[in-house]
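Trainee: Residue-level listing of the chains:
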Amino acid sequence: MADEIEKVAIVISKGSLEGVYPALILANGARSEGIDVALFFTFFGLEAIDRRHYEHLKVASVGNPGLHVATLAGGLPGVSSIVTHYMERKMDHLDIPPIPEFLEMIADSGAGLYGCKATCDLFDLTKEDLIDQVEAIITVGDFYHLAAGGQIIYT
Amino acid sequence: MPTVTYAGTDVVVNDEGFFENPEAWTPDMAPEIAQNLGIDTLTDRHWQVINFMRQEYLAKGTAPSVRALGKTSGVEVKELYQLFPKGPAKLAAMIAGIPKPIGCI
Numbered sequence: 001m002a003d004e005i006e007k008v009a010i011v012i013s014k015g016s017l018e019g020v021y022p023a024l025i026l027a028n029g030a031r032s033e034g035i036d037v038a039l040f041f042t043f044f045g046l047e048a049i050d051r052r053h054y055e056h057l058k059v060a061s062v063g064n065p066g067l068h069v070a071t072l073a074g075g076l077p078g079v080s081s082i083v084t085h086y087m088e089r090k091m092d093h094l095d096i097p098p099i100p101e102f103l104e105m106i107a108d109s110g111a112g113l114y115g116c117k118a119t120c121d122l123f124d125l126t127k128e129d130l131i132d133q134v135e136a137i138i139t140v141g142d143f144y145h146l147a148a149g150g151q152i153i154y155t
Numbered sequence: 156m157p158t159v160t161y162a163g164t165d166v167v168v169n170d171e172g173f174f175e176n177p178e179a180w181t182p183d184m185a186p187e188i189a190q191n192l193g194i195d196t197l198t199d200r201h202w203q204v205i206n207f208m209r210q211e212y213l214a215k216g217t218a219p220s221v222r223a224l225g226k227t228s229g230v231e232v233k234e235l236y237q238l239f240p241k242g243p244a245k246l247a248a249m250i251a252g253i254p255k256p257i258g259c260i
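Taken in sequence, the protein lines are chains A and S.
The first sequence begins at 1 in our numbering and counts up by one.
The second sequence begins at 156 in our numbering and counts up by one.
No wet-lab data here; the hints were simulated from the structure.
All of these numbers come straight from a predicted model, not from anything done at the bench.
Wrong hints could be hidden among the right ones.
[Unchecked claim] Covered stretches of chain S (in silico footprint by chain A; criterion: 3 or more residues with CB under 8 Å from a CB of chain A, positions within the stretch not fixed):
{"hint": "1", "segment": "214-224"}
{"hint": "2", "segment": "227-233"}
{"hint": "3", "segment": "241-247"}
[To be verified] Chain S residues, not near chain A, derived (Cβ > 12 Å throughout):
{"hint": "4", "residue": "Asp183"}
{"hint": "5", "residue": "Leu197"}
{"hint": "6", "residue": "Gln210"}
[Unchecked claim] Below, a list of computed lysine-lysine pairs in the DSS-like style, where the Cα atoms sit at most 27 Å apart:
{"hint": "7", "chain 1": "A", "residue 1": "Lys7", "chain 2": "A", "residue 2": "Lys117"}
{"hint": "8", "chain 1": "A", "residue 1": "Lys127", "chain 2": "A", "residue 2": "Lys117"}
{"hint": "9", "chain 1": "S", "residue 1": "Lys241", "chain 2": "A", "residue 2": "Lys7"}
{"hint": "10", "chain 1": "S", "residue 1": "Lys241", "chain 2": "S", "residue 2": "Lys215"}
{"hint": "11", "chain 1": "S", "residue 1": "Lys255", "chain 2": "A", "residue 2": "Lys7"}
{"hint": "12", "chain 1": "S", "residue 1": "Lys241", "chain 2": "S", "residue 2": "Lys226"}
{"hint": "13", "chain 1": "S", "residue 1": "Lys255", "chain 2": "A", "residue 2": "Lys90"}
{"hint": "14", "chain 1": "S", "residue 1": "Lys241", "chain 2": "S", "residue 2": "Lys255"}
{"hint": "15", "chain 1": "A", "residue 1": "Lys58", "chain 2": "A", "residue 2": "Lys127"}
{"hint": "16", "chain 1": "A", "residue 1": "Lys127", "chain 2": "S", "residue 2": "Lys233"}
{"hint": "17", "chain 1": "S", "residue 1": "Lys226", "chain 2": "S", "residue 2": "Lys255"}
{"hint": "18", "chain 1": "S", "residue 1": "Lys233", "chain 2": "A", "residue 2": "Lys7"}
{"hint": "19", "chain 1": "S", "residue 1": "Lys215", "chain 2": "A", "residue 2": "Lys90"}
{"hint": "20", "chain 1": "A", "residue 1": "Lys7", "chain 2": "A", "residue 2": "Lys127"}
{"hint": "21", "chain 1": "A", "residue 1": "Lys117", "chain 2": "A", "residue 2": "Lys58"}
{"hint": "22", "chain 1": "S", "residue 1": "Lys226", "chain 2": "A", "residue 2": "Lys90"}
For glycine and all other residues, C-beta sits at the position ideal for the given N, C-alpha and C.
Chain A extracted, bound-state conformation (with noise of 0.2 Å):
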């Protein structure tokens, strides 16, 4: 037992759909583990715990060769919101939730969700502006305190 991981500490710093599902899939099934988790959103990362943004992440249709579109086509307009459509009704057909639900079931699990200070005085957005799952916003130091004893995953 002396190898378990017993803590984590997730960086979230890409707002695409496909950037934070697989953070939060982590973040679930540590809990799950009843590992301790603490999920750090920062950068572009700040979309899925945004209040105006974090219903509607998109997948990214440009520059992501795994998805197989053309760049060209990836950048029409509405591109973007089809792929997503498509693959939120995959996922939802899995029983995979949507990322409200997801953050809203991972926070109840006991996770603390914290926002990113340099992120937020950069984009002017205050703790009102995050969801209300959100414990608090914190500078790097703080996060390097929380994170303080377990693994670090960045993504």
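Dock chain S against chain A, hints included.
Mentor: Using the frame of chain A, we list chain S on its own:
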């Protein structure tokens, strides 16, 4: 495979502690398993989850993950983690003598 004794009966468990044979489980083993997992007293709310997990497993061959448990067991996610801080689906399955639920969500 390790053998452990619960309620005076030897049972075979896997390396994580889940029962190899769910039929070997009896309810009077549950408090002892729970104590080994750091849960001193099993309340009615614990039992609601444990019984639900076992029923689902016996009916479907798999037990629900935390999300499904929160939606269908009558105990919501927040309370599930208060009852079983080290992982509700995992611990409730262990206490209910059934295999660990499979799934990433």
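Trainee: Decide, hint by hint, whether the structure agrees.
Mentor: Checked hints:
1. Coverage of the segment 214-224 of chain S by chain A holds. Counting CB-CB distances below 8 Å, 4 residues qualify, and the rule asks for three or more.
2. Only when three residues or more bring their CB closer than 8 Å to a CB of chain A does the claim for the segment 227-233 of chain S stand; here the count is 3, and the claim holds.
3. With 6 residues bearing a CB less than 8 Å from a CB of chain A, the segment 241-247 of chain S meets the requirement of three and the coverage assertion stands.
4. Distance check for Asp183(S) against chain A: the nearest CB is about 25 Å away, which clears 12 Å, and the non-interface claim stands.
5. The claim that Leu197(S) lies off the interface holds: its Cβ sits roughly 18 Å from the closest Cβ of chain A, which is beyond the 12 Å cut-off.
6. Look at Gln210(S): its CB is around 20 Å from the nearest CB on chain A, clear of 12 Å, so calling it non-interface holds up.
7. For the hint linking Lys7(A) to Lys117(A), the alpha-carbon distance of about 23 Å falls within 27 Å, and the restraint holds.
8. Of the pairs offered as hints, the one joining Lys127(A) and Lys117(A) holds, with about 10 Å between alpha carbons and a cut-off of 27 Å not exceeded.
9. For the proposed pair Lys241(S) and Lys7(A), the alpha carbon gap of about 12 Å is at most 27 Å, so the pair holds.
10. With a C-alpha separation of about 25 Å, the suggested pairing of Lys241(S) with Lys215(S) holds against the 27 Å cut-off.
11. Distance hint between Lys255(S) and Lys7(A) is fulfilled; the C-alpha atoms sit about 21 Å from each other, no more than 27 Å.
12. A hinted pair counts as satisfied when its Cα atoms are at most 27 Å apart, and Lys241(S) with Lys226(S) qualifies at roughly 19 Å.
13. Distance check on the hinted pair: Lys255(S) and Lys90(A) sit about 26 Å apart at the alpha-carbon level, within 27 Å; holds.
14. Proposed proximity of Lys241(S) and Lys255(S) is supported: the alpha carbons are some 14 Å apart, at most 27 Å.
15. Distance restraint check for Lys58(A) and Lys127(A): the Cα-Cα separation of roughly 23 Å lies within the 27 Å cut-off, and the hinted pair is therefore satisfied.
16. Distance hint between Lys127(A) and Lys233(S) is fulfilled; the C-alpha atoms sit about 23 Å from each other, no more than 27 Å.
17. This hinted pair checks out: Lys226(S) and Lys255(S) have alpha carbons roughly 19 Å apart, not beyond 27 Å.
18. With a C-alpha separation of about 19 Å, the suggested pair Lys233(S) and Lys7(A) falls inside the 27 Å cut-off, and the hint holds.
19. A C-alpha spacing of about 23 Å is found between Lys215(S) and Lys90(A), which places the hinted pair at or below 27 Å, so the restraint holds.
20. Distance hint between Lys7(A) and Lys127(A) is fulfilled; the C-alpha atoms sit about 25 Å from each other, no more than 27 Å.
21. Only pairs whose Cα atoms come within 27 Å are accepted, and Lys117(A) paired with Lys58(A) is accepted, the gap being roughly 24 Å.
22. Pair hint Lys226(S) plus Lys90(A) holds up; C-alpha atoms about 20 Å apart against a cutoff of 27 Å.
The structure meets every hint from the earlier list without exception.
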